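The chain contents come next:
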Amino acid sequence: MQRKTTGAMTAFAITSILSVQVFADATPEDAAEYRASVMTAMGGHMGAASKIVRGLIADDGHLAAHARGLALVAAELERVFPQGSNVGDSEALPLIWEEPEAFAKAISRVQKATVDFVTVADSGDKEAIGPAFRRVGKACGGCHDKFRVDDD
Amino acid sequence: MTNFVLTTTSLTTILGAATLLAALSAFAANDSIARGEYLVYAGGCISCHTEDRDNAVPLAGGRALETPFGTFYPPNITPDVATGIGSWSDEDFLNALWEGVSPEGKDYFPAFPYTSYTGVSREDLLAIKAYLFSLDPVAKESPDHELKWYISTRLAAGAWKALNFEPARFEPDRLRDPQWNRGAYLVRHLGHCGECHTPRSVTGVLETGREFSGSKLGEEKVPNISPDRAAGIGRWSESDIEYFLDIGMLPDGDFAGSSMVDVIEDNTSHLTRDDRRSIAHYLKSVPPQPSPGD
Numbered sequence: 413m414q415r416k417t418t419g420a421m422t423a424f425a426i427t428s429i430l431s432v433q434v435f436a437d438a439t440p441e442d443a444a445e446y447r448a449s450v451m452t453a454m455g456g457h458m459g460a461a462s463k464i465v466r467g468l469i470a471d472d473g474h475l476a477a478h479a480r481g482l483a484l485v486a487a488e489l490e491r492v493f494p495q496g497s498n499v500g501d502s503e504a505l506p507l508i509w510e511e512p513e514a515f516a517k518a519i520s521r522v523q524k525a526t527v528d529f530v531t532v533a534d535s536g537d538k539e540a541i542g543p544a545f546r547r548v549g550k551a552c553g554g555c556h557d558k559f560r561v562d563d564d
Numbered sequence: 002m003t004n005f006v007l008t009t010t011s012l013t014t015i016l017g018a019a020t021l022l023a024a025l026s027a028f029a030a031n032d033s034i035a036r037g038e039y040l041v042y043a044g045g046c047i048s049c050h051t052e053d054r055d056n057a058v059p060l061a062g063g064r065a066l067e068t069p070f071g072t073f074y075p076p077n078i079t080p081d082v083a084t085g086i087g088s089w090s091d092e093d094f095l096n097a098l099w100e101g102v103s104p105e106g107k108d109y110f111p112a113f114p115y116t117s118y119t120g121v122s123r124e125d126l127l128a129i130k131a132y133l134f135s136l137d138p139v140a141k142e143s144p145d146h147e148l149k150w151y152i153s154t155r156l157a158a159g160a161w162k163a164l165n166f167e168p169a170r171f172e173p174d175r176l177r178d179p180q181w182n183r184g185a186y187l188v189r190h191l192g193h194c195g196e197c198h199t200p201r202s203v204t205g206v207l208e209t210g211r212e213f214s215g216s217k218l219g220e221e222k223v224p225n226i227s228p229d230r231a232a233g234i235g236r237w238s239e240s241d242i243e244y245f246l247d248i249g250m251l252p253d254g255d256f257a258g259s260s261m262v263d264v265i266e267d268n269t270s271h272l273t274r275d276d277r278r279s280i281a282h283y284l285k286s287v288p289p290q291p292s293p294g295d
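If you read the sequences in order, they're chains A and B. Adding 412 to a residue's 1-based position in the first sequence gives its number in this note's numbering. Adding 1 to a residue's 1-based position in the second sequence gives its number in this note's numbering.
Take these hints with a grain of salt, some might be off.
[Unchecked claim] Once the Cα atoms are required to be at most 30 Å apart in a straight line, the calculated DSSO-like pairs of lysine-lysine come out as:
| # | chain 1 | residue 1 | chain 2 | residue 2 |
| --- | --- | --- | --- | --- |
| 1 | B | Lys-162 | B | Lys-217 |
| 2 | A | Lys-550 | A | Lys-463 |
| 3 | A | Lys-550 | B | Lys-162 |
| 4 | A | Lys-550 | A | Lys-538 |
| 5 | B | Lys-222 | B | Lys-162 |
| 6 | B | Lys-285 | A | Lys-517 |
| 7 | A | Lys-538 | A | Lys-463 |
| 8 | A | Lys-550 | B | Lys-107 |
| 9 | A | Lys-463 | B | Lys-285 |
| 10 | B | Lys-149 | A | Lys-550 |
| 11 | A | Lys-524 | A | Lys-558 |
| 12 | B | Lys-107 | B | Lys-149 |
| 13 | B | Lys-285 | B | Lys-107 |
| 14 | A | Lys-558 | B | Lys-162 |
| 15 | A | Lys-558 | B | Lys-222 |
| 16 | B | Lys-149 | A | Lys-463 |
| 17 | A | Lys-524 | A | Lys-538 |
[What the hints assert, rightly or not] Anything over 12 Å on all C-beta distances counts as not near chain A; from chain B, calculated:
| # | residue |
| --- | --- |
| 18 | Trp-99 |
| 19 | Leu-148 |
| 20 | Lys-222 |
| 21 | Pro-252 |
No wet-lab data here; the hints were simulated from the structure. All figures in this text were calculated on a predicted structure; none of them were measured in a lab. Glycine residues also receive a C-beta, built at the ideal position from the N, C-alpha and C atoms.
Chain A with its partners taken away, still in its complex shape (with noise of 0.2 Å):
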């Protein structure tokens, strides 16, 4: 099963990369709108996740699906930060692209939270489930501090 998910992460990004062209045709407020909508799509994913993790609604299988939806869209986070796009609403610090790898780095440990937690949804091993959400949480958080505009 992890070896499906890793083919499927693989597969994501190659197309992910493939974008980056497309992409760059978009205007600066395009590129920040579908950014603030991608970081909103993985907080919808997170916020139901967590009704499940905590045990407030059944998981029936839909923990694994949440946790599919979080890796994928998570897979495409390099290319919602093209150069130019910090306008608008626009919460990202240009400490982005001041410091590219540290940059990179935050995103992978997000990347790689998120595959962790699709394997260990699979696996149905529940003592496993609230750690590994607890470290997706982390990894978010980690780069929200450093990369994002506080809130207010």
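With chain A held as given, fit chain B onto it using these hints.
Frame of chain A, contents of chain B only:
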């Protein structure tokens, strides 16, 4: 012969009792240290008394605390005699946390939240002290506070206290359930949430009429945590609050990067789920407040 046997028996009994007593008191001491460690998490000691850098020694002091009155450098609270609290008696410790007075009789600035800790029980404070004294002493002096001229003397701290501070232990409200009371104790006293989340007057006094309506920490805006639906966390369920204090997730699935990340990592994530639930339960019960400026 009979006599000899008897004597041996009593001696054995006495020795056995002594061993048992020693073991019991060691057990009690360990128990107190373990409780103290937990209470250090609940008391939020680590986030201020530890430097803000990787691999900083916990509780050895030094994190810059920026306020409108200047920058405070919280002291080393490891049991080093010269630079920490190694020479403090139990009474010294209680006086510092309940009354805001140092062992030399100097008044502390309220950047040290004795204004909240004054409600913490003697038993809990002495457990915290037992834990702190079980740590390795670290010889490390914190920098001097860098304060605005008008408060740069300890006399200012004394004057402020005389005007604004009344020491008092926490008294449970008998009309409320134990969970509410536990939450009140954790939020208002040990966890001292209001020290950051309640706005202050120009003289730095917490505005109790606008409790938990949010404030500022240096440049950072500290959010409203009253149950106001628009300005505060009124739309959050108790489970949302509990889970936020555990892993840092907002109900919409976002993970904020703010000073609260450290508070969660160093403090609230180490609490029992029951204690986090009590905090949530209490916070949902306080009066909803619009945010300052709304």
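Q) Are the Cα positions of Lys-107 of chain B and Lys-149 of chain B separated by 30 Å at most? A) Holds - the C-alpha atoms of Lys-149 of chain B and Lys-107 of chain B are around 19 Å apart, at most 30 Å.
Q | Hinted pair Lys-285 of chain B and Lys-517 of chain A, Cα distance within 30 Å | A | It is violated: about 39 Å lies between the C-alpha atoms, which goes past 30 Å.
Q | Pairwise hint evaluation, Lys-550 of chain A against Lys-149 of chain B, where the allowed Cα distance is 30 Å at most | A | Violated, because 38 Å separates the two Cα atoms, which is more than 30 Å.
Q | Proposed proximity, Lys-217 of chain B with Lys-162 of chain B (alpha carbon, max 30 Å) | A | Roughly 22 Å between the alpha carbons, so the hint for Lys-162 of chain B and Lys-217 of chain B holds.
Q) Taken at face value, is the distance from the CA of Lys-538 of chain A to the CA of Lys-524 of chain A at most 30 Å? A) The given pair, whose Cα atoms are some 20 Å apart, holds under the 30 Å limit.
(Q) Does Lys-463 of chain A sit within 30 Å of Lys-538 of chain A, going by the straight-line distance between their CA atoms? (A) At roughly 14 Å apart (the allowed maximum being 30 Å), Lys-463 of chain A and Lys-538 of chain A satisfy the hint.
**Q.** Hinted pair Lys-558 of chain A and Lys-162 of chain B, Cα distance within 30 Å
**A.** This hinted pair is violated, its Cα atoms lying about 38 Å apart.
Q | Minimum Cβ distance from Lys-222 of chain B to chain A greater than 12 Å, as the annotation requires | A | Lys-222 of chain B is in fact no farther than 12 Å from some Cβ atom of chain A, at 5 Å.
Q. Quick one, are Lys-285 of chain B and Lys-107 of chain B close enough, alpha carbons at most 30 Å?
A. Cα-Cα ~38 Å, so violated.
Q.
With the threshold set at 30 Å, check whether the alpha-carbon distance from Lys-222 of chain B to Lys-162 of chain B stays at or below it.
A. holds, 26 Å
**Q.** Nearest-CB test (12 Å) between chain A and Pro-252 of chain B
**A.** Check fails; 6 Å does not lie beyond 12 Å.
Q.
According to the definition I'm using, a residue is off the interface if its beta carbon is farther than 12 Å from all beta carbons of the partner; does Leu-148 of chain B meet that for chain A?
A. Non-interface label stands for Leu-148 of chain B: nearest chain A Cβ at 26 Å, farther than 12 Å.
In this structure, the earlier hints numbered 3, 6, 8, 10, 13, 14, 16, 20 and 21 are contradicted, and the remaining ones agree with it.
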